[in-house]
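The listed protein sequences derive, respectively, from chains G and Z.
Residue numbers are given in the numbering used here: position 63 of the first sequence equals residue 147, and the series is strictly consecutive.
Residue numbers are given in the numbering used here: position 84 of the second sequence equals residue 113, and the series is strictly consecutive.
Rather than coming from a laboratory, the hints here were simulated on the basis of the structure.
Among the clues, some could well be false.
Stated by the list, open to error - Output of the computed footprint for chain Z on chain G, the stretches with three or more beta carbons under 8 Å from beta carbons of chain Z:
id : segment
1  : 124-131
2  : 134-147
3  : 189-196
To be verified - So these bits of chain Z aren't anywhere near chain G, every CB distance computed over 10 Å:
id : residue
4  : VAL42
5  : GLN43
6  : LYS51
7  : ILE91
8  : THR94
9  : ASN96
10 : GLU108
The beta-carbon is built from N, C-alpha and C at its ideal position, and this holds for glycine as well.
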Amino acid sequence: KAGVTQTPRYLIKTRGQQVTLSCSPISGHRSVSWYQQTPGQGLQFLFEYFSETQRNKGNFPGRFSGRQFSNSRSEMNVSTLELGDSALYLCASSFTFESTGELFFGEGSRLTVL
Amino acid sequence: GENVEQHPSTLSVQEGDSAVIKCTYSDSASNYFPWYKQELGKRPQLIIDIRSNVGEKKDQRIAVTLNKTAKHFSLHITETQPEDSAVYFCAAVTSGTYKYIFGTGTRLKVLA
Numbered sequence: 085k086a087g088v089t090q091t092p093r094y095l096i097k098t099r100g101q102q103v104t105l106s107c108s109p110i111s112g113h114r115s116v117s118w119y120q121q122t123p124g125q126g127l128q129f130l131f132e133y134f135s136e137t138q139r140n141k142g143n144f145p146g147r148f149s150g151r152q153f154s155n156s157r158s159e160m161n162v163s164t165l166e167l168g169d170s171a172l173y174l175c176a177s178s179f180t181f182e183s184t185g186e187l188f189f190g191e192g193s194r195l196t197v198l
Numbered sequence: 030g031e032n033v034e035q036h037p038s039t040l041s042v043q044e045g046d047s048a049v050i051k052c053t054y055s056d057s058a059s060n061y062f063p064w065y066k067q068e069l070g071k072r073p074q075l076i077i078d079i080r081s082n083v084g085e086k087k088d089q090r091i092a093v094t095l096n097k098t099a100k101h102f103s104l105h106i107t108e109t110q111p112e113d114s115a116v117y118f119c120a121a122v123t124s125g126t127y128k129y130i131f132g133t134g135t136r137l138k139v140l141a
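Using the sequences and the hints given, assemble the complete structure.
Here it is in structure tokens:
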């Protein structure tokens, strides 16, 4: 069974631009969540989707948005990029409806904002 | 808001010694506590988890303990090996919120 796939793996943007990251979950997984990983801050929750519905959102500005498609693939978008948005963005999928189950992470998309 | 504090941020131990990482959570309704290991340049992977109706769980050299009253849980690794070197993250999850609150991570170095 293929794992969680994230694209692109690396990208460089400049301040003010926007970026879209993609995540394909493990086949059969309907829950997809996104996390921002930065040194010293650990993994910070961005949002979670299940069957195309956002069920929760973290404490990030409105520039961060996401969506999920009917095939469970998910995208997140960051508009008007700031230097502080440089981070590793991790996507995770889960099989269970409830959140109390194992997360399977992708390898991440490393975003650098210049 | 919800918060998970994790200590220490770095930990160095001699091979064969034990390592203990501690986490404290703020939401008393949290009922699921997983631990993830992230090796350098790799994705985080679940190594052990515990639910609120259990006080302790063991899996070979790894164990987790939970004290609900103190809102505190810990990861114990015995007989550490060089391959245990990684960053370890604890998390607290509350059913129905659909989000993991992660600690800030502990970088464990096992010295040969």
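query: Hint by hint, which ones does this structure get wrong, listed from lowest number up?
result: No hint contradicted; all consistent.
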